[in-house]
Amino acid sequence: MHSVPSVRTYVTVWAVLTFLTFATYYIAQIDLGPWNIVIALCIAFFKMSLVIFFFMNLKAESPLTKLFAAGGFFWMILLLGQFFVDYISRDWMPCGKMW
Amino acid sequence: MTEPHSAVAEHAEHSPYLRHHFDSMEQQFDSATLGMWVFLLTEIMFFGGMFGAYTVYRSMYPAAFASTSMHMNPAFGAANTAVLIVSSLTMALAVRSARLGKQQALQMFLVLTMLFGIAFLVIKGFEYHEHWVDMKVPLFSGHWDYSNTPEFPHQAQYSHQAQILFCFYFFMTGFHALHMLVGVGLMTTILMMARHGIFSKDYFTPVEISGLYWHFVDIVWIFLFPLLYLIGNARKLI
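Protein sequence lines correspond, in order, to chains A and B. For any residue, its number in the numbering used here is found by taking its place in the first sequence, counting from 1, and adding 144. For any residue, its number in the numbering used here is found by taking its place in the second sequence, counting from 1, and adding 11.
Where hints are given, some of them may not hold.
[Claimed, not checked] Footprint (simulated), chain A over chain B, 3 or more residues, beta carbon under 8 Å:
(1) 62–74
(2) 86–93
(3) 135–147
(4) 213–226
If you're looking for bench data, these hints aren't it; they were derived computationally from the structure. Positions of the beta carbon are idealized from the N, C-alpha and C atoms, including for glycine.
Isolated chain B (complex conformation):
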């Protein structure tokens, strides 16, 4: 009761989701978005280091990397790229529905985004299994075989360098898949919040910033796909 009258009046009319340290919902929204972008910048640096290391080793062993890339299955890679891009579309549409206050559409698009995310992980799992059976898993004794085969008659010379590319492959796609898992967890949380009726035309910040995260993970894959799967395709005879 000691508060000035105007403050009481403001309290009465503002959204229950407006925190005290913000002046308006718009300022709160802009701050949250900015904070998410700052987090994504740290993620850019995190993946950037791996892309940098990859580039250094690839420039050292171009022929070995091109040859080794032939053991990646570009059909899986392309399918996963397509799946992720569709999931980004459904995520963008989920954010759009949240902005417009369409709760049913928001929940539907969140579920679709999760399903496409899980589809990506399942395809990735099949791929990892293929590498395991194909004995292309470095660091696991008994799961690395890079001797010459009828299909790859000159590859044994690259056995050591090939392990470098496969290490990059498993680290980069593994960290990416970890981010996808976190993304699916985020979507589950957002879906729960949506079902509890937390979001409205005036408050949809969590949907928006989770969307930013999801699109970022999509961007990482956009670079991983050509750099890991496609570098050897044009040189089938190596």
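Okay, chain A solo, but in the shape it has when bound:
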């Protein structure tokens, strides 16, 4: 069926994930203003990609499965995008604040 990744690959991915967990933890102790959240989310997205591509082995799946996985994130962007368009623009309306 599919090729089987080596134990070394899995252990390397695990080591990187653990390193990034502690990196997130220690970087959060430093006050970087608005950059704290940006860095924390970038690290989280990178960790997520590692889990998806290596542990969940998405790169070995069929093209259809890859399309569905990408579709999931597309819908997620739509959901959050519309969410924020609504809330960010509420103050712009003449009817005043909603809260």
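For chain A, the structure is supplied; the task is to place chain B on it using the hints.
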């Protein structure tokens, strides 16, 4: 006996786990994986709604959320992240063993994955207990106290907003813990199946798709950890 000869011949050689509506084991495997991904997409939307609501309220009350986050214990959070990542490693190794047909290793890694999953829930339980004792449980009268303390001399002003963050905290980590419980139940089932000798090099689909579920739950925590535990750490003086 009315079947054409070729169909009888196919029946004789194919795996007993190949369902009739699939042409081959590979097609059956790909369909099951695709189905699991579709389920995970609904899960992404489920947690996505909560992350979206969290972001809206956090952008409304940034100072209150940063202050309230100081009541989360990042040591517990980091330890649980590490435990979950190890459990994802053992899960990936369990799937790998199943693919290679190594039954003993498969069972060992499944047990390890379950143990790490249970360890996560136990740590989470200690954490919830700490919040209960610390009177940081909103919606329970008598278990919410956000008055000023020597350590947090200006927090009383945030009492209302702090309840919002703690509601998010309990809902999001609670639903995550529920998923962990389901995951441990799944692992128990898969372990039973493995002990009955159901899996082989040619048939390991249930191991594979349970693994997908387990890794997904890990991913949710990867986002929960920085968003709930670490947002106030850099602003110790608030």
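Here's how the hints hold up against the structure:
Given as covered by chain A, the stretch 62–74 of chain B passes the check, having 6 residues with a CB less than 8 Å from a CB of that chain where 3 are the minimum. Proximity of the stretch 86–93 of chain B to chain A, defined as three or more residues with a beta carbon under 8 Å from a beta carbon of that chain, is established by the 3 residues found. Three residues within the 8 Å Cβ limit are the bar, and the stretch 135–147 of chain B against chain A gives 0, so the coverage statement is violated. Evaluation of the coverage hint for the stretch 213–226 of chain B: fulfilled, as 3 residues show C-beta separations to chain A shorter than 8 Å, against a requirement of three.
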